[in-house]
Amino acid sequence: MMLPPNPQQRLNMNKEKFNLKVPVVSLGGQYNHLISRMLSELKVESPIIPAITNLNQIIEANIDGLVFGGGPQRVYEDFKKGIFNLLHEIIIKIDVPCLCICAAHQLLALIYGGEVGPAVYPEFGPVEIEVVDEDEILRGLKPSFIAWSSHNDEVKKLPKQFRLLAKSKKCLIQAVKLENKPVFGVQFHPEVYHTINGRRIFENFLSAIKR
Amino acid sequence: MLASEFNAEEFIENQIENLRKEVKGGKALVAVSGGVDSTTCAALAYKAVKENLVCILIDTGFMRVNEPEWVKKTLSKPPLNLPVQIIKAEENFMKSLIGVKDAEEKRRIFREEFYKVLSSTAKKENCKFLIQGTIAPDWIETKGGIKTQHNVLTQIGIKTEEKYGFTVLEPLVNLYKDQVRVVAKALNIPKEISERQPFPGPGLMVRCVGEVKKEKLRELKKATEIVEEKLMDEGIQQYFAAVLDEEFIENQFFPELSLNYAAKIFKNLATGVKGDERAYGKIIGIKVEEEFRRKIWSDFEKLIFLQSKIISEKKDFTRVLYLIDEKNEGKYAVSIRAIKTRDYMTADVAQIDWETIRDITREILFKCSEVKEVYYDVTPKPPATIEYE
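Protein chains in written order, with this note's numbering: chain A, 210 to 420; chain B, 7 to 395.
Excised from the complex, chain A in its bound form (with noise of 0.2 angstroms):
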């Protein structure tokens, strides 16, 4: 059974409000805890687990989907020391929805034999998300919407087993589908208050859930 690692969080959730079980897997980045929040809010019990644990329990845990939160990381170089070679495995094997925010979705991008890199132009704060192709997470969002993004890296090439759904002026990959999977990745954050419509997209990512 999957519980939340803090007996103060655990005495905060009350069992039988939750209708879905999606844990949130932590880079370490600032708004993990947000997203926990947000998805009790929307009635899914959403323990916060560091991305150091092991996974594979989590998903022998019976799950309905998974959140990978962002962290302070450069992904790429990590990725390359093999830092990330569970959380690959895992990304790969796994067959329940994934949304992928931030520094995950970098990583995501990486594990599919992407390339990922120093921006540019880092975004800080407002950024207008342009919809190229609603599916699914992005429904009712065309064609823009204001969203936070707090990345000093970004993906530089998409690979060849995803879809672009998103792009801002200064990124160009900001919303990304992997092909014939509800695996999803974000470079901006819908977790936070700021985001307009962040709620949405996680409504729009539950429902892949229940389909």
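Derived by calculation from the structure, the hints in this document are not laboratory data.
Some hints could be false.
Short, incomplete list of chain A residues facing chain B, as computed with Cβ under 10 angstroms [what the hints assert, rightly or not]:
id, residue
1, G237
2, S249
3, Q282
4, F288
5, G291
Here are a few chain B residues that sit away from chain A, every Cβ distance over 10 angstroms (derived from the structure) [claimed, not checked]:
id, residue
6, P84
7, A192
8, E295
9, E319
Ideal Cβ placement from N, Cα and C applies to all residues, glycine included.
Based on these hints, arrange chain B on the given structure of chain A.
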């Protein structure tokens, strides 16, 4: 507001029960500042352990004008009835900060001085527990290395039993500010506290950018009073003044801006958060010629866009300030900061009308004789943090 999904009554009940179980009839210490977090925490603690609670307010010297007395008065009367005692420690803090310029070093020194007072009080009063109002952004930012919040200890491996002689209990540790306010309301905490704008633990120290000096702090206290009074009713979540040394390292020009302006880089540095990482970077002050200032201000979105362009291109910058007005004499600059937020993890710059900001500026320039320039901070969080250090 989504905090409605959060059940305050259930939370309060659970936390009181928890605290009772932990303290087990012993004595506990709580430190209040008059902010919503520490007051909510103290109110919970008081309900849990009643007369076994020792409640202190540490006067660090970095509180606002008459604040310690006001807080004591407000918290001591019904409905809270907290037995607040003020402990004066101003000189300890001031002495240990002499010559210190670095933001993180200042914060660590503050934490040490603060817990020295708590530790000696706990020993004197025989308290084995410290109940404190640490909330989610405090430990998230401290663990993430963004800035050292003074009230985060166990999360970064400090063994409080060994070092200070008490066990730390943190009933609010997973809440955000908006949720704390919901709990505060459910506890009947007076509105002047439950809706009070946040004030950092180290107080005005983190708004006295760079080295703390008595005169600089005095000017900051005056400016703070003016800004707080004038922006109180604007529906902004946090609004305050910061003071900087009016010293610059260089001038910079951005040809693409096509404005008649000067851009100066301050000697002082300010804390920011970029891509989940701490950024301790340069502050730029933009000075547009007087006749254009109002016009550019009124196209606020463009001003924010200009900020974003500067920070995106200059990777070692964390702040962009826009000059409102100046006078000929003085050694300090004041920056006015006003932000809109829910949970303080991200923050938008508040748009204020020109007359209001100009009037505040004029009053500051008039009343603070050592303040030469007054700016408005146009940097959101990220890339800046809300406070300067």
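Comparing the hints with the structure gives:
1. G237: holds, 7 angstroms
2. S249: holds, 7 angstroms
3. Q282: With a minimum Cβ separation of about 8 angstroms from chain B (threshold 10 angstroms), the hint on Q282 (chain A) holds.
4. F288: violated, 16 angstroms
5. G291: violated, 22 angstroms
6. P84: At roughly 29 angstroms from the nearest Cβ of chain A, P84 (chain B) sits farther out than 10 angstroms, so the non-interface label holds.
7. A192: holds, 14 angstroms
8. E295: The claim holds: E295 (chain B) sits with its nearest Cβ about 27 angstroms from chain A, beyond 10 angstroms.
9. E319: violated, 7 angstroms
Hints 4, 5 and 9 from the earlier list are contradicted by this structure; the remaining hints agree with it.
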